[in-house]
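Asks: Next come the chains, spelled out residue by residue.
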Amino acid sequence: MKLKYSLSRRKPALALLAVLLSVSTGMAQVRVSGTVTDAATGEPLAGVWVHTESPLFGGISDATGHYAFVLNEAGTYRFHAEFTGYEQSIVKITVLKDTVIHFGLHYQTRTEELSQVVIHWKRSNLSGYGSDVSEATTRNRQQLEELAADNMIEALAGLPGIKTLNTGVGINKPVIHGLSGSRISVIEDGIRQEEQQWGGDHGVNLMNITTDVVSVYTGAATLIYGSGGSGGVVVMESGNMLKDSSRTGFAAAVEGRSVNNHLNYGFRYAQKIGKVTVGWYSEGATFGDYKVPAEQFNYLGYTLPITDGVLKNTAGRRLNNRLAFQWQSKKFEHHAYLSSFNQKTGFFTGAIGSPATYDLSPDGDYRNIDLPYQLSTHQKLLYRSEKNEGIRQVRIEVAGQYNLRKEMSRPHAHGRPADFDETLALDLKLMTWSANLRLAEVRKRFNFRYGIQTMYQENRMGGFEFLIPAYRWFEGGVYGMVSREINHLWVAEAGTRLDAVSFNSKEAVLPFYYRGEYIGDVLRSQNSNGQKINFAAKAGIKYEHGRWRSSLFASRSGRILNMAELASNGMHHGAFRFERGNTALKPESGLQLNWTVNRKSPRWELNAEMYYHYFFNFVYLAPSGRFATLETNGEIYPFPEPGQVYEYRQSPVLHYGGEGWLRYRILFNVFVEGGGDYVYLRNNENSQPLPFTPPASVFLKTKIYYNRSTGNRGFDHFRFEVTGRHVLSQNQVAINELPTPGYFLLRASMSMNYGKKWNVLVTGQNLLNRTYLSHLSRYRLINVPEPGRNIILKIRFTL
Amino acid sequence: MKIRYLLAIPLVGALFLTACKDDDGVTDTIKPVVEELTISNDAHVWADSSFVLSAFFTDNIALSEARIDIHQNFDVHSHQKFYSFFEWEKIISFPGETRSSEFDDTLHVPAGSKAGPYHVEAIVLDLTGNQSDPEIIELIVLRPDQPVIDYDFPSPGDYIEINRGAQYELNLHISDETDLAEVILVLQKHDGHTEPLYEEHHPLDGSNDVLLQQKSYIKVPSGATTGTYELVVSAKDSDGNLSLDEIEVLVK
Numbered sequence: 003m004k005l006k007y008s009l010s011r012r013k014p015a016l017a018l019l020a021v022l023l024s025v026s027t028g029m030a031q032v033r034v035s036g037t038v039t040d041a042a043t044g045e046p047l048a049g050v051w052v053h054t055e056s057p058l059f060g061g062i063s064d065a066t067g068h069y070a071f072v073l074n075e076a077g078t079y080r081f082h083a084e085f086t087g088y089e090q091s092i093v094k095i096t097v098l099k100d101t102v103i104h105f106g107l108h109y110q111t112r113t114e115e116l117s118q119v120v121i122h123w124k125r126s127n128l129s130g131y132g133s134d135v136s137e138a139t140t141r142n143r144q145q146l147e148e149l150a151a152d153n154m155i156e157a158l159a160g161l162p163g164i165k166t167l168n169t170g171v172g173i174n175k176p177v178i179h180g181l182s183g184s185r186i187s188v189i190e191d192g193i194r195q196e197e198q199q200w201g202g203d204h205g206v207n208l209m210n211i212t213t214d215v216v217s218v219y220t221g222a223a224t225l226i227y228g229s230g231g232s233g234g235v236v237v238m239e240s241g242n243m244l245k246d247s248s249r250t251g252f253a254a255a256v257e258g259r260s261v262n263n264h265l266n267y268g269f270r271y272a273q274k275i276g277k278v279t280v281g282w283y284s285e286g287a288t289f290g291d292y293k294v295p296a297e298q299f300n301y302l303g304y305t306l307p308i309t310d311g312v313l314k315n316t317a318g319r320r321l322n323n324r325l326a327f328q329w330q331s332k333k334f335e336h337h338a339y340l341s342s343f344n345q346k347t348g349f350f351t352g353a354i355g356s357p358a359t360y361d362l363s364p365d366g367d368y369r370n371i372d373l374p375y376q377l378s379t380h381q382k383l384l385y386r387s388e389k390n391e392g393i394r395q396v397r398i399e400v401a402g403q404y405n406l407r408k409e410m411s412r413p414h415a416h417g418r419p420a421d422f423d424e425t426l427a428l429d430l431k432l433m434t435w436s437a438n439l440r441l442a443e444v445r446k447r448f449n450f451r452y453g454i455q456t457m458y459q460e461n462r463m464g465g466f467e468f469l470i471p472a473y474r475w476f477e478g479g480v481y482g483m484v485s486r487e488i489n490h491l492w493v494a495e496a497g498t499r500l501d502a503v504s505f506n507s508k509e510a511v512l513p514f515y516y517r518g519e520y521i522g523d524v525l526r527s528q529n530s531n532g533q534k535i536n537f538a539a540k541a542g543i544k545y546e547h548g549r550w551r552s553s554l555f556a557s558r559s560g561r562i563l564n565m566a567e568l569a570s571n572g573m574h575h576g577a578f579r580f581e582r583g584n585t586a587l588k589p590e591s592g593l594q595l596n597w598t599v600n601r602k603s604p605r606w607e608l609n610a611e612m613y614y615h616y617f618f619n620f621v622y623l624a625p626s627g628r629f630a631t632l633e634t635n636g637e638i639y640p641f642p643e644p645g646q647v648y649e650y651r652q653s654p655v656l657h658y659g660g661e662g663w664l665r666y667r668i669l670f671n672v673f674v675e676g677g678g679d680y681v682y683l684r685n686n687e688n689s690q691p692l693p694f695t696p697p698a699s700v701f702l703k704t705k706i707y708y709n710r711s712t713g714n715r716g717f718d719h720f721r722f723e724v725t726g727r728h729v730l731s732q733n734q735v736a737i738n739e740l741p742t743p744g745y746f747l748l749r750a751s752m753s754m755n756y757g758k759k760w761n762v763l764v765t766g767q768n769l770l771n772r773t774y775l776s777h778l779s780r781y782r783l784i785n786v787p788e789p790g791r792n793i794i795l796k797i798r799f800t801l
Numbered sequence: 002m003k004i005r006y007l008l009a010i011p012l013v014g015a016l017f018l019t020a021c022k023d024d025d026g027v028t029d030t031i032k033p034v035v036e037e038l039t040i041s042n043d044a045h046v047w048a049d050s051s052f053v054l055s056a057f058f059t060d061n062i063a064l065s066e067a068r069i070d071i072h073q074n075f076d077v078h079s080h081q082k083f084y085s086f087f088e089w090e091k092i093i094s095f096p097g098e099t100r101s102s103e104f105d106d107t108l109h110v111p112a113g114s115k116a117g118p119y120h121v122e123a124i125v126l127d128l129t130g131n132q133s134d135p136e137i138i139e140l141i142v143l144r145p146d147q148p149v150i151d152y153d154f155p156s157p158g159d160y161i162e163i164n165r166g167a168q169y170e171l172n173l174h175i176s177d178e179t180d181l182a183e184v185i186l187v188l189q190k191h192d193g194h195t196e197p198l199y200e201e202h203h204p205l206d207g208s209n210d211v212l213l214q215q216k217s218y219i220k221v222p223s224g225a226t227t228g229t230y231e232l233v234v235s236a237k238d239s240d241g242n243l244s245l246d247e248i249e250v251l252v253k
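Heads up: the protein sequence lines correspond to chains A and B, in order.
Quick note: the numbering used here has the first sequence finishing at residue 801, numbered continuously throughout.
Quick note: the numbering used here has the second sequence finishing at residue 253, numbered continuously throughout.
Don't read these hints as lab results, they were simulated from the structure.
We put the beta carbon where it would ideally sit given N, CA and C, even for glycine.
Careful, some of the hints might be misleading.
[What the hints assert, rightly or not] Residues of chain A clear of chain B, computed beta-carbon distances all greater than 10 Å: (1) Val93; (2) Val278; (3) Thr288; (4) Leu426; (5) Arg440.
[To be verified] Simulated restraints, written as ranges between beta carbons of each label pair: (6) A:Phe422 - B:Ser51: 26 to 34 Å; (7) B:Ser85 - A:Ser504: 46 to 54 Å; (8) A:Glu519 - B:Thr39: 25 to 33 Å; (9) B:Thr39 - A:Ser504: 55 to 63 Å; (10) B:Leu212 - A:Phe422: 37 to 45 Å; (11) B:Asn209 - A:Phe422: 31 to 39 Å; (12) A:Leu669 - B:Pro197: 23 to 31 Å; (13) A:Val524 - B:Thr107: 30 to 38 Å; (14) B:Gly207 - A:Phe422: 29 to 37 Å; (15) A:Phe746 - B:Glu36: 33 to 41 Å; (16) A:Val700 - B:Pro197: 16 to 24 Å; (17) A:Tyr267 - B:Glu170: 37 to 45 Å.
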């Protein structure tokens, strides 16, 4: 035991020393990299100590199972991969140039009492630029694909504590711990995805096929990602385009979904040309109106038909592409890409405006996209450069992104005269430029992380409707964090962030029509200028002993409000209300306490998180008790739809909850997993719940793997899983929100490989074809149920 | 052992913080109610005449605003708005702490209004923002020049019995002073929101279709569910006037 204990203390230090030595000499160095996976399940193993015998060099695998380290010189080495509970893997290899070694570790069935080797997770790896105390939930591409989700955000929804806010099929935004919108930042390759400024129910326009790793940071573990994200941050990273030593890579997939006759394809191709790797990613989808197990819905006292159980005009199309470059200079790795996301989706005709204004009877075509519909495009040019080795790591991110969103609608439904034929209701154009510099540094027992972020944004408005004004926005932020290893058990971390924003919004004057008659030009938004400053800080500790890890941190969260909260003044279709912002609102701030505990052994895995958040001035939409009217020339005119005005207000809010899951390995290839989550959100001023609070849920999953190890031929790597999820009823509802009954959903999924190149995945969602309402869906308001049984077939080919 | 202490910190903290609920303010979550919404003349009003619209609103604490709206319901929520329909709306503000209020107004249906079915809808808000369930009633606007629906029928006000798999012969006689545009027969459940048992369309594209006289055979599929249905006969003229007639049908 004594020997093991001393090993546990020295290994990380030695690893670090090895890395330092390898960097400082810089002669005839050879890079060794690869992945470590569980041989039975194929899942990546994090925290595996991969090293040579003598002289000692090594590295620790990250959450994706990837490791890398540098040998001082070429030669013949014995490489070990060691991980508690797994049989040690040893290979002897002569390494002459940069080499890739993959390890598949075999689970030891009697491991509970075996060695107590302690590996310090992430201590020697600063590449995450995240935190040494806050834990991220991480999923790699393979795990995400197994979830057979329609998009990356939906894929995250299976994780405890994470839900999605849906507007039909394929338009989702993440909800973490019951918080959404601009309280959740979605970061792709270091750059925040923009579009949440336009209000509450716009999806996140991301490509699916380009993301290799997704990490979700909860709470205020998010200082380094910007002033938003007080609820959580979803970090998506595209990794190396080619496996370490290949010169060409190709992967393709086709997928079909029964619920909306959805068909999609995706491929990624990468080729090394000289020192530059060039990659092309493409994906496209076409889908029809989706089926629901219901024949009618109720809206505002009317019972309306859902003919043939199909929601009319929910069809859509998508086409996304990315051209990417990757190259290595002496110290830096560079990535650059140009990507384009394009989506056209119909709005269910019963969910926009008054249903009386649209035709709900079937038009005989389940794939056409009729009015009303939306077009979303997102173009991004990004350059990122990073130096991940050595004691000082640097990362630079520069990006320009252009969001375009057009909502097309019948003008007559908005009071326009019968001969008015312009259908462009909203035309939102948002251009954002960002530049970030992040540094991470190791000094003695300290890790430092600091950085500077800048962003310039310009929004333009068009169309015959009004939502938010045109504006210019400049944002700058600095942050610094330091963590210290107190001893081999404890790590402490503290950090702070300061953001400043300056904005100027333009006056908006639009013509107003009442029952087809032009009334006059009216002021919808005034010129306004503003400066806002926001401060955030956190401090935490982590305890790590054997298989146990636990962290506790307290933070002061802060968020600068967006333009919708400050200056919106228009009808929000789909939400059936008129929303009005307020420029006098102050940045949202609060105090937060997060606690996580994790125990991981090959047999048992336990994860739990509890959070407690007190917002001093939470921003929310409150009903005003007034209908939307316009006063001009001494007359009062109602707006065309019978919507109540909802105003953005601030109140102290209490937010707490928790989630946890437990995984038990019954046999080497059979797992049982169960867990649940709960969120509570209450306005402390009036003791009322807040809208869109996710209901509590519990789940139980069984997962079986079977590996025949047939090599290159025949079917192999079978995986089968069944998940039952019970979502409890939500009776904690805000004023005018409807309670939602509970429901049970059954999901099953099966996948297998054929040879080494083919993979088949079959998934069944809502297998019992249950009629249920989602409390987080916009369609809940009109009692339109969620999609019925959905069978998904996906075939993948990897070269 | 130390981990136990670490576990204990947030639990104690959470207990402390959850204990700090301030239940001093009780928020009104009770919706106001549209107690009554009525139209004089049995809700049948001739164009170029007047009727009285009455409503009665209540709330447990204080009413804020009500909105009454009249809109066309010619094609069961299936068409965009045109502007020769009779349309009317009003927002009523309630002063101070009004707990109940009556609204009466005499409305005039303009002479050029299309004949047919309309909806009168009322919603009320209280000061907290609670929104009532809507109250919806039907208003029929009549014109002397709208289509006239007639058919031979054993005894007016009676109902028809049709066996499953059988058919019923109906002699239709539909006339209009100027030009008929469309005649539709639909056999459906009363709520009108399930698949109809039988549908018959007569598009009358000619410019001078003043009469449609023919036999209709109302067929009931053998797999139909037994029960009470309604046969809706609707006739539209080229001026956009819509006449409706409903016959109760018992499917056995």
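Asks: When you take the CB atoms of Phe422 (chain A) and Ser51 (chain B), is the distance between them in 26 to 34 Å?
Replies: Distance hint for Phe422 (chain A), Ser51 (chain B) holds at roughly 32 Å.
Asks: Would you say the C-beta atoms of Asn209 (chain B) and Phe422 (chain A) sit inside 31 to 39 Å of each other?
Replies: Since the Cβ atoms of Asn209 (chain B) and Phe422 (chain A) sit about 33 Å apart, the hinted range of 31 to 39 Å holds.
Asks: Quick one: are Leu212 (chain B) and Phe422 (chain A) within 37 to 45 Å, going by C-beta?
Replies: Holds - the Cβ-Cβ distance for Leu212 (chain B) and Phe422 (chain A), about 38 Å, lies within 37 to 45 Å.
Asks: Taking the CB of Ser85 (chain B) and the CB of Ser504 (chain A), does the distance hold inside 46 to 54 Å?
Replies: 52 Å, holds
Asks: Should the hint that Tyr267 (chain A) and Glu170 (chain B) are 37 to 45 Å apart at their CB atoms be regarded as holding?
Replies: 56 Å, violated
Asks: So the hint says 25 to 33 Å: do the beta-carbon atoms of Glu519 (chain A) and Thr39 (chain B) match that?
Replies: This hint holds: roughly 30 Å between Cβ atoms.
Asks: If I claimed the Cβ atoms of Gly207 (chain B) and Phe422 (chain A) lie 29 to 37 Å apart, would that claim hold in this structure?
Replies: 32 Å, holds
Asks: Just checking, Val278 (chain A) versus chain B, shortest CB gap more than 10 Å?
Replies: The assertion about Val278 (chain A) holds, with a minimum of 49 Å to chain B.
Asks: Just tell me: holds or violated, for the beta carbon distance of Phe746 (chain A) and Glu36 (chain B) against 33 to 41 Å?
Replies: Taking Cβ atoms as reference, Phe746 (chain A) and Glu36 (chain B) lie about 40 Å apart, which means the hint holds.
Asks: Please check whether the beta-carbon of Thr288 (chain A) is more than 10 Å away from every beta-carbon in chain B.
Replies: Its Cβ never comes within 10 Å of chain B, the nearest being 27 Å, so this holds.
Asks: Assuming the hint says 23 to 31 Å, is it satisfied by the Cβ distance from Leu669 (chain A) to Pro197 (chain B) or not?
Replies: Violated, at about 57 Å.
Asks: A range of 55 to 63 Å was offered for this pair. Does it hold for the Cβ distance of Thr39 (chain B) and Ser504 (chain A)?
Replies: Holds - the Cβ-Cβ distance for Thr39 (chain B) and Ser504 (chain A), about 58 Å, lies within 55 to 63 Å.
Of the numbered hints stated above, those contradicted by the structure are hints 12, 16 and 17, listed in ascending order.
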